[in-house]
Amino acid sequence: MKLTKTKAYKTFMAPIKDANPISVAVLGICSALAVTTQVMPAIVMVLAMTFVLTFSNVSISLLRKIIPKNIRIIVELVVIASLVILADQFLKAFLFDVSKQLSVFVGLIITNCIIMGRAEAFALANGPWLSMWDGIGNGLGYGYILIVVAIFREFLGAGSLLGFKLIPQSFYDMGYQDMGIMLLAPGVFIVIGLLVWLENILKSKKA
Amino acid sequence: MNPLRALFDKLEKPFHKGAPLEKYYPLFEAMESFLFSTRLVTKSKVHVRDNLGTKRFMSMVLFALTPCALFGIYNTGYQSHLASGLSLDLVSVVLTGAQIVLPIVIVSYAVGLFWEFLFCVIRGHEVNEGFLVTGLLYPLILPPTIPLWQVAVGITFGVIVGKEVFGGTGRNFLNPALTARAFLFFTYPASISGEVWTAIITSKDKIVDGFSGATALAIAAATEAPNNAQLAMESAGYNLNDLFIGFVPGSIGETSAALAIVGGLFLIITGVGSWRTMLGGFLGAVSMSLLFNYFATSSTLPFFQLDLLWQLSMGGFAFGIVFMATDPVSSPALESSRFIYGFLIGMLGMIIRVINPAYPEGWMLAILLMNVFAPLIDYVVLQKRKKKRIRNVI
Numbered sequence: 015m016k017l018t019k020t021k022a023y024k025t026f027m028a029p030i031k032d033a034n035p036i037s038v039a040v041l042g043i044c045s046a047l048a049v050t051t052q053v054m055p056a057i058v059m060v061l062a063m064t065f066v067l068t069f070s071n072v073s074i075s076l077l078r079k080i081i082p083k084n085i086r087i088i089v090e091l092v093v094i095a096s097l098v099i100l101a102d103q104f105l106k107a108f109l110f111d112v113s114k115q116l117s118v119f120v121g122l123i124i125t126n127c128i129i130m131g132r133a134e135a136f137a138l139a140n141g142p143w144l145s146m147w148d149g150i151g152n153g154l155g156y157g158y159i160l161i162v163v164a165i166f167r168e169f170l171g172a173g174s175l176l177g178f179k180l181i182p183q184s185f186y187d188m189g190y191q192d193m194g195i196m197l198l199a200p201g202v203f204i205v206i207g208l209l210v211w212l213e214n215i216l217k218s219k220k221a
Numbered sequence: 034m035n036p037l038r039a040l041f042d043k044l045e046k047p048f049h050k051g052a053p054l055e056k057y058y059p060l061f062e063a064m065e066s067f068l069f070s071t072r073l074v075t076k077s078k079v080h081v082r083d084n085l086g087t088k089r090f091m092s093m094v095l096f097a098l099t100p101c102a103l104f105g106i107y108n109t110g111y112q113s114h115l116a117s118g119l120s121l122d123l124v125s126v127v128l129t130g131a132q133i134v135l136p137i138v139i140v141s142y143a144v145g146l147f148w149e150f151l152f153c154v155i156r157g158h159e160v161n162e163g164f165l166v167t168g169l170l171y172p173l174i175l176p177p178t179i180p181l182w183q184v185a186v187g188i189t190f191g192v193i194v195g196k197e198v199f200g201g202t203g204r205n206f207l208n209p210a211l212t213a214r215a216f217l218f219f220t221y222p223a224s225i226s227g228e229v230w231t232a233i234i235t236s237k238d239k240i241v242d243g244f245s246g247a248t249a250l251a252i253a254a255a256t257e258a259p260n261n262a263q264l265a266m267e268s269a270g271y272n273l274n275d276l277f278i279g280f281v282p283g284s285i286g287e288t289s290a291a292l293a294i295v296g297g298l299f300l301i302i303t304g305v306g307s308w309r310t311m312l313g314g315f316l317g318a319v320s321m322s323l324l325f326n327y328f329a330t331s332s333t334l335p336f337f338q339l340d341l342l343w344q345l346s347m348g349g350f351a352f353g354i355v356f357m358a359t360d361p362v363s364s365p366a367l368e369s370s371r372f373i374y375g376f377l378i379g380m381l382g383m384i385i386r387v388i389n390p391a392y393p394e395g396w397m398l399a400i401l402l403m404n405v406f407a408p409l410i411d412y413v414v415l416q417k418r419k420k421k422r423i424r425n426v427i
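Going line by line, the protein sequences match chains A and B. The numbers in the first sequence follow our numbering, run straight up by one, and end at 221. The numbers in the second sequence follow our numbering, run straight up by one, and end at 427.
In case anyone wonders, no lab produced these hints; they're calculated from the structure. If you're wondering where the values come from, they're calculated on a predicted model, not measured in any experiment. In this text, a Cβ means the ideal position worked out from N, Cα and C, and glycines have one as well. There's no promise every hint is true.
[As the list claims (entries may be wrong)] Interface residues of chain A toward chain B, partial, derived using beta-carbon atoms under 8 Å: (1) I99; (2) Q103; (3) I195.
[Said to hold, decoys possible] Listing some non-contacts, in silico: residues in chain B with all C-beta distances to chain A over 10 Å: (4) K43; (5) I233; (6) N261; (7) G270; (8) L377; (9) I385; (10) Y412.
Let the hints inform the model, and build the full structure from the sequences given.
The following block contains the structure:
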């Protein structure tokens, strides 16, 4: 069977292409606001998020037949919270600077609507193999938007990318100024809004 | 036949359907209907014969704005010469003012119209002339020292995000000119707050003694508790007369309350601007100002005690209420809700101006905020009206 025809591939691509958690479902905006002023924290956040999402999806999918219906949200939360603590401790141990920048937002992955949403909507109804691909797909779908937004914000707001100054001093001397709004929360709404607009145009062209 | 008409008839052909320039028909149509009248003819009953299309409607606002714009040119030059210690004779002052203001206006129109035409050509609809007003309103609320490239960035944002994203003129829920200014205000705070209100044209060391660059509002907001805000302004050289007529530094076209009132009367008489919004705004500002006076004690901000007349003559109050709040698209649709809308703008603007020291003037934010609430006000008023109806009469 061709790779693109498999169910796993379709599950993986759906959140990246058509059902993007940020630009289509508009979930997880809170963390997108907080961690995208620079590219580096955004990348780390995406990795942490993808890790938690994938493993929570797999574990909940494995447990789906034993979890009693009435208390399923509590069980899901326990699984997610343990994974988040794992990710948080890992960052604190090996990437302390970034971890300080991300501050509470790693911990707040617990409350990220995407994770609960996928657990409820997908993992409880599908096997672990598909759930894993769904988790990775959603993590990356969330991730690429986050990184694009972070690139815009860091470049326009601070004139740099990944900490390297890209706009030379001579530009500033001639009167160029960084866009202060990009470092504030409204900047994210503007960038995400424009991205959604672009995506909708591309989609309507294809259809 | 009119030679201009003949010219347009001759030029028309390549813009027809199937002809090579079909794509640019909106451009042609815009020019034509601007000079003559619209080609749109109602296809069934009722036939209204009237030349007051959106274009004429918007041109009226332009007429009303002209005194403010001309005075803005004069005052920009005047303030600049005053601070630089140059001669104050009329011709040289106007020349300097024109040198500062006209490039800003030209950039605003050129960049804005470029986006407007681009969207019209891509979307295939006719150019709507709301931009004629936006393009002039926007420069008039900018400081004279603003760099031209920032003018271009601001108007780009205002036209695209403030208007075109939502479908163009008539569908924008925010005032595009104010959206553009708000964007600049938060994006490049250094060029639109602080001491940017006077364009100094000589070298810095030639500035006359005693020139501080602070506007009356900034002085009033910075006055500390035991002092009196009015005395502080007077000792800085401001008086009520100048504030009312407009011989003070500020955004290019908004310093003169007197000329804004003239423009407002013109808009009310021609029926273009809503008198309800203006009256509501006036009453809102008056009542809030009196309320502040009433609650003023020795421990509150000195701005609280400021006299009503000073409050009304200062800053962009008159200009904002007359030209910004009355924008027919972004204000509520119902006549009675316009009154509430105006009143809330008046109160809110005064609150932001007096209480929040981070924003020396409140009208931009107050009007934008109430723009967002306009549909809600309409909804509430409509529901109230519906309740008055007698139910299910058989």
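Exercise. Which of the numbered hints are not met once you compare them with the structure shown?
Worked result: Violated hints: 1, 2; rest satisfied.
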